[in-house]
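Since the structure of chain U is provided, determine the placement of chains W and H on it from the hints.
Chains as they are written, first to last, in our numbering: chain U, 5 to 362; chain W, 5 to 362; chain H, 5 to 362.
Worth flagging that the hints you see were computed from the coordinates, not collected in a lab.
Please note that the accuracy of each hint is not assured.
Identical copies carry no separate label here, and so any pair may be met within one copy or between two of them.
As the list claims (entries may be wrong) - Result set (DMTMM-like, lysine to aspartate or glutamate): computed pairs, CA atoms no more than 25 Å apart in a straight line:
1. K120 - D289
2. K196 - E326
3. K120 - D275
4. K355 - E67
Predicted model only: the values in this text are computed from it and were never measured.
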Amino acid sequence: MRRITWAEYTALDVAQRIPFLAKDAAAEHEPFHVLYAQQFTRQMLDELCALADHIRRLHKTPEGAAFLQTLLPNRAALNLFAQPSTRTFMSFQAAEMRLGMQITDIRDMATSSQAKGESLQNSVRTFSSYVDLMVMRHPDRGAAELAAYEMNMAERRIPVINGGSGQDQHPTQALLDIYTLQKALDEIDGKKIAMVGDLLRGRTVRSLSYLMKNYKGVELFYVAPDRLRIGDDIKAFLKRQHIRYSELDNLEEIVPVVDAIYMTRIQWEWDKAAGATVGGEGQYDPRFVFRREYLDRMKKKSCLMHPLPKINEIDPELDYIEDPRIVYWRQERNGMWIRAALIARIFDVDKKIFSCRT
Amino acid sequence: MRRITWAEYTALDVAQRIPFLAKDAAAEHEPFHVLYAQQFTRQMLDELCALADHIRRLHKTPEGAAFLQTLLPNRAALNLFAQPSTRTFMSFQAAEMRLGMQITDIRDMATSSQAKGESLQNSVRTFSSYVDLMVMRHPDRGAAELAAYEMNMAERRIPVINGGSGQDQHPTQALLDIYTLQKALDEIDGKKIAMVGDLLRGRTVRSLSYLMKNYKGVELFYVAPDRLRIGDDIKAFLKRQHIRYSELDNLEEIVPVVDAIYMTRIQWEWDKAAGATVGGEGQYDPRFVFRREYLDRMKKKSCLMHPLPKINEIDPELDYIEDPRIVYWRQERNGMWIRAALIARIFDVDKKIFSCRT
Amino acid sequence: MRRITWAEYTALDVAQRIPFLAKDAAAEHEPFHVLYAQQFTRQMLDELCALADHIRRLHKTPEGAAFLQTLLPNRAALNLFAQPSTRTFMSFQAAEMRLGMQITDIRDMATSSQAKGESLQNSVRTFSSYVDLMVMRHPDRGAAELAAYEMNMAERRIPVINGGSGQDQHPTQALLDIYTLQKALDEIDGKKIAMVGDLLRGRTVRSLSYLMKNYKGVELFYVAPDRLRIGDDIKAFLKRQHIRYSELDNLEEIVPVVDAIYMTRIQWEWDKAAGATVGGEGQYDPRFVFRREYLDRMKKKSCLMHPLPKINEIDPELDYIEDPRIVYWRQERNGMWIRAALIARIFDVDKKIFSCRT
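Isolated chain U, as found in the complex (with noise of 0.2 Å):
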């Protein structure tokens, strides 16, 4: 791999930033590490889906669990959570825990060396002298990219993948929603997908909307409060990747027409921030709330979806009903999954699960 500088390295965009996150030269497009949604092919993310298949169907086993822990012994995970989430901390630390790898973690960077003065690419350098693997959500912008980019110049380089630093994308959220829309809809091309609620901060739909350029004839329906409207930015990338879009400010019109609604959280907290004194979790607006009887108006096949915290956006009585299509729950374990598929892949062991048919 050529070695840059780190001003070498940020002048560059995302594109070009590709081929330094790759194993090696001779593999421009597998990642080693995981820092952007883009990064992932079709092909790829094909691979994924029935890699994360396989390890769970394996996992059901005694038998199967016990051989995926065979697979990483020698492989040590640190899960470096600058940033509370119990949630996507939980997920990766489950997903290392079925491949059999030895865990650890920082849970609060003020116990670290960073208090003495250390700089941040010296603690991610000493981080990385114990462990193989890197799992990072930090609040700086640009925290993962930056230990990424420190591992390109070290002596034994160890992946790292973005656990959803400061702003920064979330790519292996957006990796489950792929997963997810796929097991439920059985393929995702062709597919009609709304997405609801604060789609101006909420980060997931954002990545999963930068994924669909991998799938054919897909249509995307933007249903958000006028003050919370998808980016421009997005928009512009839509128009030139040909993804047919549009915006609405009701979900119940569509709800008989998609296949796929992904709901969304109204991240009050950045109003609060701003000062606002008006609003909060307590009021939704009845136009973005996904409503108990909505259900019986969706499609047959056809699944109702939420990255998750979820306040009053959703009805909660549907959390206590059993069908097919309520796949919140499903899609938040189907992110372990797809992680565990993920780091087998990173090592290499994809081949091996593949072949063992326990």
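For chains W and H alone, kept in the frame of chain U given last:
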């Protein structure tokens, strides 16, 4: 299992709730969720003690220990301790480790999505996505019960064990006390047991008193300062169950008479919270202190117990005397073994353990 | 082992304490508890280095790594780090993982029963109930020693390793420094070693100086600002042991002369705590900084070490140069291997490791 609402469930008394905590309708008294000491029958207590003994014996050899770790390779445990408790936390964790479980923990709820407004029900459902067992200690009274109820309604029903939530019961502490009594005295039927100290606010003496209904001919001696006497509800329960008991205000006189002395700490923190300015850790009433010389007056076959932590209610010199009757340190370790037995039984590997004779 | 009181024990000097830290009376110099660098003889240092090398080699293959993890399946370790130290914490944890130990940790003593008034002795006894090894870092001087003493008095005696408590010694750091020197220079006898920077407050240079008595013909060069010179106690020790040393106030002149340069950080935090308003991390005296061009003047076979974290006392450009003489990152990783060796020896699996030739 019949599905009922939370309001209907909480209107039930403890005896009526027990079937909802069972593995399935066919085994109404076999605990799946463990919330109340009342869930344990005499037969189950005897079987759990025998199982704990067998696990302990197996663990003594590397082969046996390695066998135990093959039992639950595809089971992950979450220790959710929103309230600090190093002692119980470590004990559960050690039990889970010894059965080869994958382990994760949450020790601070502030890192969870509840900060973003998610309901406890939804958080519990999320956590349950990644694990197969949840041990829960939470400051809110009834939190463990709410979690168990939520699991009954979920697609993936996983067991919940109350690790001492709020002022609720602490059923596994009662289990370890029973196990310790049985190991020290060979049997509990017909024994005389003194409970000493803060009987008003000590959760353990209450749970242990309830469990006495499973044994024949037990006689209890409650030794407490006037303001900290055992609750009237317990006395009413003992009368209904025809269990003999008496109340005293001095430990010394019954030392030579009883088979077990169960010391407890005066919980000054409650007095402090209520504004007390006198009294405190340093000022023990000598009538409720176990003095060094009492050891010489105890029966030859008897035991001195304490749920720990202790302050000055037992002469610290006893910490350094080797005497088979001083069992409070072993009592702690017993907790680990009986918790391992309980978890093994919940996951149906008890017979597999009994059949291993390494 | 003879039982003595804590008062009697603390009246002993270090040499007299060593037998109390041994496995048993038959092996007076074989450490069970590890508290002092003085516990290590030359023979033991050589054997631990050889063992660390062997463990490292085994770990390189999945088969070897899997073998290592079969060594201690029934041994659990507690890493009790009441004082923040991500670096040492991760290193011990990684060492324990590689030997297949079960691992638990306490990173905040506020969650322990000490808040309820329990003595440190009782807390230690409790923790020891669940584990087989305790690694301890605690702000109180002598806390690790108190824990070791308590274990000597307990029914279940488990080993205690000082992970750097208070201003006490940090014996495993000294071990890793020896291991790094030996790997880099092939042997330590007859070598010239410079120690640079804050020699007054740096714990590592003190421990390393003590260990030099095990090697023949070593010559030491202490390079420090006047106010931060090495302590008189160390100089008196070196004189008694006939170890040659000199004191300098400039690194540059001896760069071409020495075999090892051991850089240390100026611990400004002590000055700040004492009210200093000038000086600080950004203002390094160039006489005590390792500059980029010094690398070209170093001997061909020599090494540049640092216990880390470092700030500006080594030119950061060196972080990105591949040169076999720049060993400070490898030094960190060496810590993991030598700690694994130490733990393996305490648990008597060293011969088993040497006999494995996977």
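For this structure, which hints from the list above don't hold up? The structure breaks none of the hints.
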